[in-house]
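If you want the building blocks of each chain, they are given just below.
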Amino acid sequence: MFASFLVNTWIVATIVAAAAGVVGFFVVLRGNSFAAHALPLGTFPGAAAASLLGINPLFGLLTFSGLGVIGISQLGKAGRPEIATALSLVVLLGLGALFLSMSNEYSQATYALLFGEVLGVSSLEIVPVAVVSAVSLALTALLFRPLLLNAVSPELAEARSVPAGRTDILFLGILALTTSAAVPVVGVLLVFSLTIGPPSAARALTNRPVRAMLLSACLSLLTVWASIALALRLGWPVGFFVGGLGALAYGLGRIRMECVRSRRCRARSG
Amino acid sequence: MTRVSLLLSALFEPGWNSSEPVLTAVVIGGGAAVVSGVVGVLTVMRGQSFAGHALADVSSAGGAAAFLLGLNPLLGFLLMGVIAAAGMESFAAHRIRERDLATGVVLGAGLGLSALLLYLDVTSKSTTGAAITVMFGSMFAMPPSVVPLALAVGGSALLAIALLYRPLLLSSLDPALARVRGVPVRLIGLCHLLVVAFAVALSAVTVGAILSTALLIGPAAAALRIAGRPGGAMLLAAVIGVAATWGGILIAYDSYDWTGGHGWPVSFCIVTIIFLAYLAAGCPARGKVRAAARPGKAGVQAAGRG
Amino acid sequence: MRGESEVLAVQRLSVSLSGRRILDEVDFALHGGEFCGLIGANGSGKTTLLRTILGFVTPTSGRVVIDGGHRLAQIGYVPQKIVLDPAIPMRTRDLVGLGLDGHRLGLPLARRARRRLVDAMLEAVGATSFAEQRVGELSGGEQQRALIAHALIRRPRLLLLDEPLANLDIKSIATTVSLLRRLALEYRMTVLLSTHDMNPLLPAMDRIVYLANGRAATGRTEDVVRGEVLSRLFGEHVDVIRVHGRILVIAAGAGNGASADLERHPDHVVQVP
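Chains as they are written, first to last, in the numbering used here: chain A, 1 to 270; chain B, 1 to 306; chain C, 1 to 273.
Read the hints as simulated data drawn from the structure, not as lab findings.
Be careful, since some hints might not be right.
Stated by the list, open to error - Here are a few chain A residues that face chain C, going by a calculated C-beta distance under 7 Å:
1) E125
2) L139
3) A141
4) S153
5) V162
6) G165
7) G235
8) S262
9) R264
As the list claims (entries may be wrong) - Examples of chain A residues toward chain C, derived with CB under 8 Å:
10) V7
11) R80
12) A134
13) L143
14) R145
15) V152
16) A157
17) P163
18) P209
19) R256
20) M257
Heads up, the beta-carbon is just placed ideally off N, CA and C, and yes, glycines get one too.
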C-alpha cells in the first residue's frame with residue numbers, strides 16, 4: 001500500500017483533496033454544484049485539442065476551463081445560470097467530440113479523464129498540480145470574507161463595496177483553476193465528488209465559517225485516503241469509493257442539520 | 001468500435017437515404033429530439049437543468065451494467081435513471097442551492113458506480129470503447145430490437161407530460177398555490193423527475209449523454225425565449241430539436257466531402273446548431289425587454305408569438 | 001435638529017429603468033440625527049430611490065450628495081426581504097463582524113479589538129443572547145436585529161432600511177421602531193426607512209418622504225400628511241383623518257377607475273367607492 005511507486009499517488013491525492021475541500025466549501029455555500037461538475041468535464045476537449053496540436057495538455061485544459069468560465073458568466077447575463085452552465089458544457093463537449101474524431105486512439109484516455117488513473121502518477125505530473133492548487137488555495141484564503149458575505153447575500157456584499165458580478169466570475173475562475181489542473185491526474189469524477197461531498201458534511205458540524213472550511217479540507221483528505229486504501233485493497237476504481245463516501249458524507253450532514261433544527265424548534269416552542 | 005468509425009462506415013455509402021444506419025439515426029434521433037424538447041420545457045421552467053444532465057450521466061451507469069449482464073441497454077439506462085431520480089427527490093429541498101447539491105451528490109455516486117461497472121466491463125469483457133459509448137452514445141449502433149421499447153418509453157413520457165401538464169405547471173409557478181388547490185406537490189415533482197429520467201435515458205442510449213443534455217435543455221431554453229405560453233414553447237422546442245438533429249446529421253454527412261475524408265461528428269454538428277438557435281432566439285428577446293417593462297403588454301405580445 | 005449639517009441631499013433626482021420613469025424630480029435633504037420615513041405603495045419607487053442613494057442605480061438626471069468622503073463608507077444598508085440560508089455555517093457574531101470588514105482580503109483573525117467592537121454592537125441591538133447561534137436559524141425579528149447590527153458596526157452617518165417592518169409581528173414592529181429611534185439618537189445617525197404603512201412610524205418619525213406616481217412630497221410629517229398635499233400628489237381628492245393616534249387617508253373613488261388604482265396606494269389608504 002505504501003510501495004515506492006504509490007508515493008506519488010498519495011502525494012497528488014492529498015494535494016487535490018486539500019484544494020477541493022477548501023474551494024468546495026464555497027461551492028456548497030454559493031450553490032455552484034453544477035459549475036463544479038461542468039467546468040472540469042468541459043476541460044476534456046482541451047486535453048484532446050492539446051494532444052492534436054502536440055502541446056502540453058495543461059495549456060489545453062486551462063484554456064478550455066477559461067472558455068467554460070467565460071461561457072457560463074456571459075450566457076448567464078441573459079439567462080438563468082443553470083441554463084448557461086448546461087449550454088456551455090454541451091458546446092465544449094461537442095468540441096470534444098470533434099477533436100476526438102480527429103485523433104483516433106483516445107478511448108483509454110477518455111476513461112482516464114472521466115474516472116482518473118490515480119494509481120499511475122509520475123513525479124513530473126505532480127508539479128503543475130501542486131503549483132495550481134497552491135495558487136487557488138491562496139486566492140480562496142485571500143477572498144474569504146468577500147466570498148462569504150456574497151454567499152450570505154449578494155446585496156449585503158454590494159453595500160460593502162463587493163461587486164456581485166465580479167465576485168461570481170472570480171470564484172468560477174478559482175474553481176476552474178483548481179479542477180482543471182487536477183483532472184488529467186485524478187479525473188473529473190474524483191475532483192467533483194471531493195468538491196461537494198466533504199464540504200456539505202462540514203457545514204453541518206460547526207457554526208464557525210473558518211473552522212467549517214478547515215474541517216471541509218480535513219474530511220476531504222480522509223475521504224480520499226480511505227478511498228485509495230479501499231481501492232488498493234479490493235482492486236476497484238478509486239472513483240467509486242470517492243463518489244460513495246461523498247454521498248455518505250452529504251447524507252449524514254443533512255441528517256445532522258435537520259436534527260439540530262428540529263431540536264431548536266422544539267426548544268423554542270417548549 | 002467507436003461511434004465515429006461506425007459513422008464513417010455508414011457514410012462511405014453514397015446517397016444518404018439508402019443507408020440504413022443513417023435512416024435509423026434519423027428516425028431515432030428525431031424521436032429523441034421530440035420527447036426531449038417537450039419534457040425539456042418544464043425541466044427548464046422548473047430550474048432543473050442540472051438534474052436533467054445528471055440523470056443522463058447517471059443512467060449511463062445502467063448502460064454499463066446492462067453491458068456486463070448482457071441485458072437490453074435501454075433497460076439498464078431506464079432502471080438506473082429511475083433509481084437516480086428517486087434518490088434526488090428523496091434528498092429534495094425547496095432551496096435551489098440545496099437541490100443542486102443533492103443532484104450533484106447523486107451524480108457523484110452514480111458516476112462512481114459507472115466507473116466501477118465500466119472497470120468490470122473492461123476486466124471481464126476486455127473492451128475499451130465503453131467509456132466513449134457512455135459519453136458520446138452510439139446513434140448509429142442501435143440494434144433494431146431496441147426500437148419497440150424505445151417507442152414505448154418515448155410514448156409513455158409524452159403521455160405522462162400530457163396527463164401531468166396542468167398540476168405540473170401550477171406547482172412550477174407557485175407551489176403554495178398548487179398546494180391550496182389540492183395538488184400533491186412532492187408527488188408531482190417526483191413524477192416529473194421520473195419522466196425526465198425516461199426522456200433522458202431514451203436519448204442517452206440512442207444519441208449519448210452529451211446530446212441528451214443538449215436536446216433536453218437547448219431547444220427548450222431557446223423556445224422559452226420566443227414563446228410566451230408553455231404549450232407553444234413545447235411545440236417550438238420539439239421543432240427546434242428535430243430540425244437541429246436532422247440538420248446535424250445532414251451536415252455531418254455532407255462534411256465528409258469538404259473535410260477531406262474524416263468528416264465532423266454528428267454530436268458536434270447538432271450541438272452547434274442548437275447553440276446557434278439559442279443565441280438567435282435571444283436576439284429578438286433583447287429588443288423585447290424594453291417592451292416588457294410595461295406590465296401586462298409583454299405577456300400578450302409574447303403569447304401572440306407562441 | 002435644525003442646526004445639524006446636511007447628511008444626505010437628493011437633488012431633483014429622476015430615474016428611468018428600461019424606459020419607464022420610476023422617479024421624477026425627487027428632491028429632499030436629511031440632516032444629522034433625523035428619522036425619516038419613506039412612504040409609498042408597492043412599486044412606487046421606494047427601493048429604486050434607496051438603491052440610487054447607494055449608487056447601485058445610475059440616475060438619468062439630478063444627483064445624490066452624501067456628506068463627506070466615500071459613499072458606501074458613510075451608509076449602512078439593510079436590504080429588503082433577506083432570507084439567510086440556514087445551511088451556511090455562520091453565527092450572528094460572524095455576520096456582524098463581516099459588516100466591519102467583509103470587503104477586506106484575507107481570513108478574519110480573532111483580534112481583541114474586533115471582538116470588542118462586535119460585542120458592543122450585539123449588545124446595542126439586543127442580540128447578545130443569540131450571538132453564538134447560527135444566524136440562518138434565527139426568527140425573523142432576530143435576523144432583522146443581526147442585519148441592523150451588521151449595517152451599523154461601521155458607525156455610518158446614514159442608515160437605509162428597505163421595508164424592515166414587513167413580515168414582522170406587531171410586537172416586533174414596535175420594538176424595531178423604538179430600537180432604531182434609540183440608535184439614531186445615540187449615534188447621531190440619520191435614518192431613512194421605507195415602509196408601505198406609515199402608522200407604526202408615527203411616534204418616531206420626524207420627517208417624511210411620501211412617494212406616489214414617481215413624485216415625492218417631503219417635509220415634516222404634519223406638513224405632508226394633509227389633504228391638499230396628498231391630493232396634489234395622488235392626482236385625485238383624498239382626505240386625511242386622524243383617529244386614535246392613527247392616520248387614515250381616505251380616497252373618494254374616481255368612478256370606475258378607483259378599484260384599479262387601489263393597488264397603487266399604501267396600506268393606510270382607504271378607498272371609498
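Hints, one by one, checked against the model:
{"no.": "1", "hint": "E125", "in the structure": "violated (30 Å)"}
{"no.": "2", "hint": "L139", "in the structure": "violated (10 Å)"}
{"no.": "3", "hint": "A141", "in the structure": "holds (6 Å)"}
{"no.": "4", "hint": "S153", "in the structure": "holds (5 Å)"}
{"no.": "5", "hint": "V162", "in the structure": "holds (5 Å)"}
{"no.": "6", "hint": "G165", "in the structure": "violated (12 Å)"}
{"no.": "7", "hint": "G235", "in the structure": "violated (37 Å)"}
{"no.": "8", "hint": "S262", "in the structure": "violated (11 Å)"}
{"no.": "9", "hint": "R264", "in the structure": "holds (6 Å)"}
{"no.": "10", "hint": "V7", "in the structure": "violated (32 Å)"}
{"no.": "11", "hint": "R80", "in the structure": "violated (19 Å)"}
{"no.": "12", "hint": "A134", "in the structure": "violated (16 Å)"}
{"no.": "13", "hint": "L143", "in the structure": "holds (7 Å)"}
{"no.": "14", "hint": "R145", "in the structure": "holds (5 Å)"}
{"no.": "15", "hint": "V152", "in the structure": "holds (6 Å)"}
{"no.": "16", "hint": "A157", "in the structure": "holds (7 Å)"}
{"no.": "17", "hint": "P163", "in the structure": "violated (10 Å)"}
{"no.": "18", "hint": "P209", "in the structure": "holds (5 Å)"}
{"no.": "19", "hint": "R256", "in the structure": "violated (11 Å)"}
{"no.": "20", "hint": "M257", "in the structure": "holds (7 Å)"}
In summary, the numbered hints that this structure violates are 1, 2, 6, 7, 8, 10, 11, 12, 17, 19.
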